[in-house]
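Colleague: Next come the chains, spelled out residue by residue.
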Amino acid sequence: MSRRVLNILLPALTGALVLAVWHAIHLALSEDLRFLLPTPGAILEAFRTNGDVLARAALNTTKGALLGFTSAVIISFFLALTLSLSSLVRVSLYPYLMILQMTPVIIFAPILVIWAGAGLPSVSIITFLICFFPLVVNTTQGLVSTDRNLVELFAMWRTSRVQQLLHLRVPAALPYFFTGLRIAATLAPIGALVGDYTAGSSAGDGGGLGFQAIIYSSQAKYPALFATAATTCILGFIFTSAVLALSWLALHHWHESYENTDK
Amino acid sequence: MSEPSAQSQPLVEFREVSKRFGAGPLVLDQITLATRPGDFVSLIGPSGCGKSTLLRLIAGLTSVSSGTLTVDGLTPEAAAAELAFVFQEPTLLPWLTVAANIELPLSLRGILPAERVATRQRVLELVRLNPKASAYPRQLSGGQKMRVSIARALALSPKILLLDEPFGALDEMTREHLNEELLAIRERHAWTAFFVTHSVAEAVFLSNRVLVMSANPGHIHTEITIPFAYPRTEQTRLSRDYHDLVAKVSRILRSVETDTV
Ligand SMILES: Nc1ncnc2c1ncn2[C@@H]1O[C@H](COP(=O)(O)OP(=O)(O)OP(=O)(O)O)[C@@H](O)[C@H]1O
Ligand SMILES: [Mg+2]
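Just so you know, the sequences run in chain order A and B. Counted from 1, the first sequence has number 130 at position 130 by the numbering used here; the numbering is strictly sequential. Just remember that the numbering used here sits 263 ahead of the position in the second sequence, which is counted from 1.
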């Protein structure tokens, strides 16, 4: 059998096996506990009956995730540029960045709701705060790790600081930036979900997946709750794949990390 | 064009140049040296004797501590446009194709696209790498990368080419091959070269002047004139005189190295 066929067949088999075991566990539970672990079939059914609600909630979560993620990318880039200017700037700001990273922003969700308003504004701010740190740290690292020989070459050409930044430091920082971006992309949907869980609102747009999860668990609609979780997984998958694709586009021609993808 | 002219103004002139970094020890001591257009000067000497520093002074990447240094009558900083540096590493930008690597310094100088493309094609022709124009550096061999690096330097039409152990990382065969290629290019483009190497054979083959340096502090110990006419070829390497000169320079170099240990 060809490698390609195996690559598809084997994960499919694993998936089928997991579903079968899952179903078996459901059957093995005593009748009064079975509601705690809905069967895959029941979850699929919940997808059908709650499709509209889940799609709307997913859309709202996506909005929050995208808004927070994008603004984190843009703002972190400019902060990284500032940090890369001198090590003095770095030592003065890094400790506070660390503190920001350690701060469990969720605790402040209630305050955030009062400041920014529940729903999209709070959700995107929480996502922003969660995505920000890995982006700043990685991009800064990239901007200051430029090959010394190449810096020398640009000095030889008597280039301006701006030319050096555009033609050398920024492109050289791209692999680091994408490392940060990949981490942020996995955090963004989860950040938006958690944000929505703590600062979501049914007002206006009807809330996101986190808010929907609260409703389903209060109504004891467990198959629908599982469907909500599955929707979040799909969202995360789409987010991560999009960033991986971007990263591939930007780096595969020249970066070592894609060395053996184009023999 | 290829024979060094005897009577013109010095292109690079060191007058009692000394160099130390900060409060560190003296790195170069009282260097006095004048080159004529078309000179091919090799610098050879023990590690740490200041060869790279001497090149970096000409390039204006660092400045003299005392004495005067002029490049084509100007300070090294002002003469930047006449210089090109080929480093030991190929120093190609990995995210740019070969063509874009060569054109980058031209576009940074404000040269228009049509002229950039013509220049790039011309210099890639010189190093016979036109078929690789759209390749990325990682798709090239070490020798090919070095040739691109040389082509990029030549694209700037420098009067003075500074080469710091450009072939140090290459195998013997490739190195000899590139030496011949470099001299062939020189037949068509008269630049003055400063060439740092650890290989006596390479220095003798390429240059009309070999400067043996001693260390601690760096100083020009002996100058040996290499009288062979250009163009030099494979035949030059086989000649008796060539071997005698290689032996002579090696002997001097060995005495310098044992002195400084
Ligand atoms: N930027 C610098 N700051 C302080 N000291 C330096 C600097 N650059 C070079 N030196 C010192 O100057 C001396 C000469 O260095 P240089 O690199 O010119 O030697 P070199 O002859 O090129 O040696 P090699 O053959 O190993 O390349 C060394 O002792 C080195 O430590
Ligand atoms: Mg050196």
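Possibly wrong hints are sitting among the right ones.
Here are a few chain B residues that face chain A, going by a calculated C-beta distance under 8 Å [as the list claims (entries may be wrong)]: (1) F284; (2) L324; (3) E345; (4) P368; (5) L369; (6) Y399; (7) R401; (8) A478; (9) P480.
Some residues of chain B that are not near chain A, with every Cβ distance over 10 Å (derived) [to be verified]: (10) S328; (11) T354; (12) H440.
No lab work stands behind these hints: they were computed from the structure. Backbone N, C-alpha and C fix where the C-beta goes; we use that ideal spot for every residue, glycine too.
Colleague: When the structure is checked against the list of hints, which entries are broken? Sort them ascending.
Modeller: Violated hints: 1, 3, 5, 8, 9, 11; rest satisfied.
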